[in-house]
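Student: Sequence:
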Amino acid sequence: MQSSSEFFPVALISAELRGDLSEDIYRLKPGNSPDSSVELALTRLGRAGHEQDRGVPVILIPGSFSNRRFWYSPKCIGLGPYLARAGFDVWVAEMRGHGLSPRNRDYTRNTVSDYVRYDLPSIADFVHELNPQKAHWLGHSLGGIILAGALGGRYLDESRVASTVLFGSQVSRVYWPLKVPPLEWGSRFLLKRFSVISGSRLKRGPEDEPIGLAVESLRWHGLFGRFGDAERDWWVGLAEVRVPVMAVAALGDLQDPAWACEKLLKQFGSSLSEFLCLGKKQGFSSDFGHVEMLVSKEAQREVWPLVEQWLRKSPEVAAELENSEIDGNKTLPAK
49 MQSSSEFFPV ALISAELRGD LSEDIYRLKP GNSPDSSVEL ALTRLGRAGH
99 EQDRGVPVIL IPGSFSNRRF WYSPKCIGLG PYLARAGFDV WVAEMRGHGL
149 SPRNRDYTRN TVSDYVRYDL PSIADFVHEL NPQKAHWLGH SLGGIILAGA
199 LGGRYLDESR VASTVLFGSQ VSRVYWPLKV PPLEWGSRFL LKRFSVISGS
249 RLKRGPEDEP IGLAVESLRW HGLFGRFGDA ERDWWVGLAE VRVPVMAVAA
299 LGDLQDPAWA CEKLLKQFGS SLSEFLCLGK KQGFSSDFGH VEMLVSKEAQ
349 REVWPLVEQW LRKSPEVAAE LENSEIDGNK TLPAK
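Under my numbering, think of the first position of the sequence shown as 49, with each following residue one higher.
Honestly, the hints are just simulated from the structure, not real lab data. Among these hints, one or two may not hold up.
To be verified - DMTMM-like cross-link-like pairs, simulated, lysine to aspartate or glutamate; straight-line CA separation at most 20 Å:
no., residue 1, residue 2
1, 329, 340
2, 361, 206
3, 123, 54
4, 182, 64
5, 328, 310
6, 329, 310
7, 182, 206
8, 329, 346
9, 182, 68
10, 314, 346
11, 77, 54
12, 240, 154
13, 123, 68
When you get a sec, could you build the whole thing from the sequences and use the hints?
Tutor: Pasting the structure below:
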């Protein structure tokens, strides 16, 4: 297995079998950001015994207060294993300081802009080096916001992106107190007295978040704020994005309401887009919640198959299926 790259140092830190799946964990050291200590963990899930059969790549980005376990449990249950068993080449990324990605030197000052400008392009380069096919990118909550920023800011090469799927992701919910400049400034001042926001203490998840993310969010939602970094307006840039995009919202999600998720979808300039709202009115068994939309028995039955159906719409997967009729060693399971 490859443990080096033409782009930057890479170490294969683990290679295990997890039942019918293989789990390879890489640690990337891109060295492309002002903080040279950044290292990123990237896990590949494949079918045991078929490690060399590269299906279409799917890259999964967890949300805030989360890590790779959001996408697959230690018993290999989750959307990641589901897609791997369906023949996709599944990669699970963990942002700097999360999961198996060690905390970098300037961890407390990490921002979404860092993820967008430096980390996602590095992950894209490494995955493409091992599997030079267009990749599907899937992100939950903050993970979807990171993907939207990387596409709107032109930090991800669209020619290498098959599609993107955003689960419970939005940037349009208004926090009116932050529109009052003194309140925004005061909030920033208070936040900077802390180093992290504890996910376990707030019962939001197993991971902490650096305070830099919260300060950055205050700027976005301020009176003259915008979704972007100092150089580019990501929101405006989304109108020029042409990759296929699907947005998934949950009717019971109080954190990221469906209307705001749909607004983010409509900002994309893509000709192929789809909005999926998970609620009883839409024919689902319940009004799904922010986490339950992906992590629940109901999601396993009702949502995961729809995600697979979306991924198989891409020309790349269609070509793979066509080739599988000729080459029996690369057969993907039929729907």
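Student: Given the hinted pair residue 182 and residue 206, is their alpha-carbon gap at most 20 Å?
Tutor: With Cα atoms ~9 Å apart, residue 182 and residue 206 stay inside 20 Å; holds.
Student: Between the alpha carbons of residue 314 and residue 346, is the straight-line distance 20 Å or under?
Tutor: violated (27 Å)
Student: Is residue 329 within 20 Å of residue 340, Cα to Cα?
Tutor: holds (17 Å)
Student: Next pair to validate is residue 361 with residue 206; report whether the Cα-Cα distance is within 20 Å.
Tutor: holds (17 Å)
Student: Hinted pair, alpha-carbon criterion (20 Å max): residue 123, residue 68. Please report holds or violated.
Tutor: Given pair residue 123, residue 68 holds - Cα atoms ~11 Å apart, limit 20 Å.
Student: For the pair we were handed, residue 77 and residue 54, check the Cα-Cα distance against 20 Å.
Tutor: At roughly 12 Å apart (the allowed maximum being 20 Å), residue 54 and residue 77 satisfy the hint.
Student: For the pair supplied as a hint, residue 329 and residue 310, is the alpha-carbon distance within the 20 Å limit?
Tutor: Measuring from Cα to Cα gives roughly 16 Å; hence the hint holds.
Student: Between residue 182 and residue 68, is the straight-line Cα distance small enough, at 20 Å or below?
Tutor: violated (26 Å)
Student: Below or equal to 20 Å on CA atoms is what counts here, so check residue 123 against residue 54.
Tutor: violated (34 Å)
Student: Can you confirm whether the C-alpha distance between residue 329 and residue 346 stays at or below 20 Å?
Tutor: holds (16 Å)
Student: Can you confirm whether the C-alpha distance between residue 182 and residue 64 stays at or below 20 Å?
Tutor: violated (26 Å)
Student: Against the 20 Å threshold, does the CA-CA distance of residue 240 and residue 154 hold or violate the hint?
Tutor: Answer holds: residue 240 to residue 154 is near 14 Å, not above 20 Å.
Against the hints set out earlier in the document, violations occur for numbers 3, 4, 9, 10.
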